[in-house]
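Q: The primary structure of each chain is shown beneath.
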Amino acid sequence: MHADQKSNPLLAAAALAVFVFLQAPLLIIAAAAFSDTTFLAFPPRGFTWDWFANIFEVSAFRRTFWLSLQLAFLATTISLMLGIPAAYAMRKYGVRLPGFLSTVFVLPILVPEIVFGFSMLQWLAADLRWPVFPTLLIAHSLIILPYSVRVVSASLATFDFAAQEAAVSLGCPPARAFFAVVLPNIRAGILAAFILAFITSLNNVPVSLFLIGPGVSTLPIQMLTYVENFFDPTVAALSVLLMLFTVVVMIVVERTLGIGYFVR
Amino acid sequence: MMARALPWILVTPGLAAIAIFLLLPLGATVATTFDLSDPFGSYAAFFADDFARGVLIRTMRIALIVTVIAIVLGLPAAAYIARCRASWRSVLIVCAVFPLLTGTVVRSFAWIAILGRNGIVNEALVGIGLISEPLTLLYTEFAIISGLVYLFTPLMILSLVGVLENIDRDLMAASRSLGATPVATFFQVTLPLAVPGLIVGSVLVFTGSFTAYTTPLLLGGQRNTVLATFLYREAMVNFDWAAAGTIAVIMMVATVAIVLAMGRLARRLNPEAG
Chain Z
1 MHADQKSNPL LAAAALAVFV FLQAPLLIIA AAAFSDTTFL AFPPRGFTWD
51 WFANIFEVSA FRRTFWLSLQ LAFLATTISL MLGIPAAYAM RKYGVRLPGF
101 LSTVFVLPIL VPEIVFGFSM LQWLAADLRW PVFPTLLIAH SLIILPYSVR
151 VVSASLATFD FAAQEAAVSL GCPPARAFFA VVLPNIRAGI LAAFILAFIT
201 SLNNVPVSLF LIGPGVSTLP IQMLTYVENF FDPTVAALSV LLMLFTVVVM
251 IVVERTLGIG YFVR
Chain H
1 MMARALPWIL VTPGLAAIAI FLLLPLGATV ATTFDLSDPF GSYAAFFADD
51 FARGVLIRTM RIALIVTVIA IVLGLPAAAY IARCRASWRS VLIVCAVFPL
101 LTGTVVRSFA WIAILGRNGI VNEALVGIGL ISEPLTLLYT EFAIISGLVY
151 LFTPLMILSL VGVLENIDRD LMAASRSLGA TPVATFFQVT LPLAVPGLIV
201 GSVLVFTGSF TAYTTPLLLG GQRNTVLATF LYREAMVNFD WAAAGTIAVI
251 MMVATVAIVL AMGRLARRLN PEAG
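So the sequences go chain by chain: Z and H.
264 is the number that the numbering used here gives the last residue of the first sequence; the numbers go up by one with no jumps.
274 is the number that the numbering used here gives the last residue of the second sequence; the numbers go up by one with no jumps.
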């Protein structure tokens, strides 16, 4: 490596500043969570765990957290059940399928979420009078479907279909060859798709916003509602817990795929 | 023949879900905005209204400024990641991805702690005696832009790292050995080759900022309405679904237009990416 490529101090300083900018707000909010004040303050004054305790005392947080987890789990499962077969078909039989299919499967990302949420409200909730939870579930499954298709498709790209054909030629039924040969080989991709889709569902605001109903809300929406009414650091404390969750997720991704996975 | 139909059998459930639960409701929403007696009446009303036009212009201005700042911040960060050693590189990618996996509410909320009356900026400015009264930083367009830049810069970095890594280092070395300064090398060699990543990143950042709801709601307050918060208010506070539908269609058309225009630009600047 040439010396001039390796270290340009100006570039290094600029990059460092950007990375400080990306981490600082999260550190600030983590510190503010411990402030002994009834308003959000940084630098924090005093030290208290009260705001963490308060999360568990607000029953709406407990209820919506549980609902968000269920919703994210079910929606992710549905999106994978729709997405894995589609990704598999497009990779293996791509020549027999029209090219626009891959575009169709990213449509849910291209449509602005706030627009999609509103049209789901008009269609499923108002016109068809569907109950709240199924409507939320379908909406979440759809917005995360593109992640499932794309991530599974990316992991199938490195899978050698000859292995599956070998199994079939040795007498294994095609469907069994899929479950015994293909699926185990792309399990890291499926796990990554699961994690990305799960987090996307868990964090979603714009779609859920229109579809929540009496007694049924999601955690991010509940956080917004809380912030509108209270200025105390409870949401900062909750943010710390969610960041810890993100850390766990990143460790899982690192263990299964390597972090370079996010850059392609 | 079963084997011929198999690919279609596998993609049909996903396609059906998209057709029934995405395209159909969107089509229905679009249909409600056209009245038979006055087909484009709701759009004419939107563009005739000073407030609505102001919201559209504000939203576009914010998205444009955020995109430019994200490019300015993302380029050096991505360039640095692309050329540093593998171990250090994964640390920096973790730093870029971590905020992305943390929810929008948390990331926007953090800016309340930074820009609020008792926030870090005001405390510091009062502390060093530069101002005596806290400044109004929160609930301004500046706050929205800060929050959105924070939200989307990681996406720009990740879009750029891939292309910058794939640029043959010998090209830069050649440019340098022929006497170009580092700055000239950057603008004449590196930047043109990074165009595909820049365009992908810009589309993500622009459309993301253009349609964002949570950040403008938390950081913009009542006075800095953008299209997304406007749509929500018309639908859920004023119960004017016709007006909300009109905003929805305008947002959709603008988003699609930007994606298509940038795609065309990408092909023109870099025919191979086609």
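Hints in this document: simulated from the structure, not taken from any laboratory.
Worth double-checking, as some hints may not be accurate.
Unchecked claim - Quick list of the computed label-pair ranges, beta carbon to beta carbon:
(1) F47/H x V248/Z: 57 to 63 Å
(2) D49/H x A12/Z: 48 to 54 Å
(3) Y43/H x Y93/Z: 52 to 58 Å
(4) Y93/Z x A184/H: 35 to 41 Å
(5) F40/H x R45/Z: 44 to 50 Å
(6) A126/Z x R169/H: 38 to 44 Å
(7) F51/H x A175/Z: 21 to 27 Å
(8) Y93/Z x A261/H: 53 to 59 Å
(9) L260/H x V252/Z: 36 to 42 Å
Predicted, not measured: the structure shown is a model, and the values here were computed from it.
Ideal Cβ placement from N, Cα and C applies to all residues, glycine included.
Q: Decide, hint by hint, whether the structure agrees.
A: Consistency of the hints with the structure:
| no. | hint | verdict |
| --- | --- | --- |
| 1 | F47/H x V248/Z: 57 to 63 Å | 49 Å, violated |
| 2 | D49/H x A12/Z: 48 to 54 Å | 50 Å, holds |
| 3 | Y43/H x Y93/Z: 52 to 58 Å | 43 Å, violated |
| 4 | Y93/Z x A184/H: 35 to 41 Å | 49 Å, violated |
| 5 | F40/H x R45/Z: 44 to 50 Å | 57 Å, violated |
| 6 | A126/Z x R169/H: 38 to 44 Å | 58 Å, violated |
| 7 | F51/H x A175/Z: 21 to 27 Å | 59 Å, violated |
| 8 | Y93/Z x A261/H: 53 to 59 Å | 33 Å, violated |
| 9 | L260/H x V252/Z: 36 to 42 Å | 37 Å, holds |
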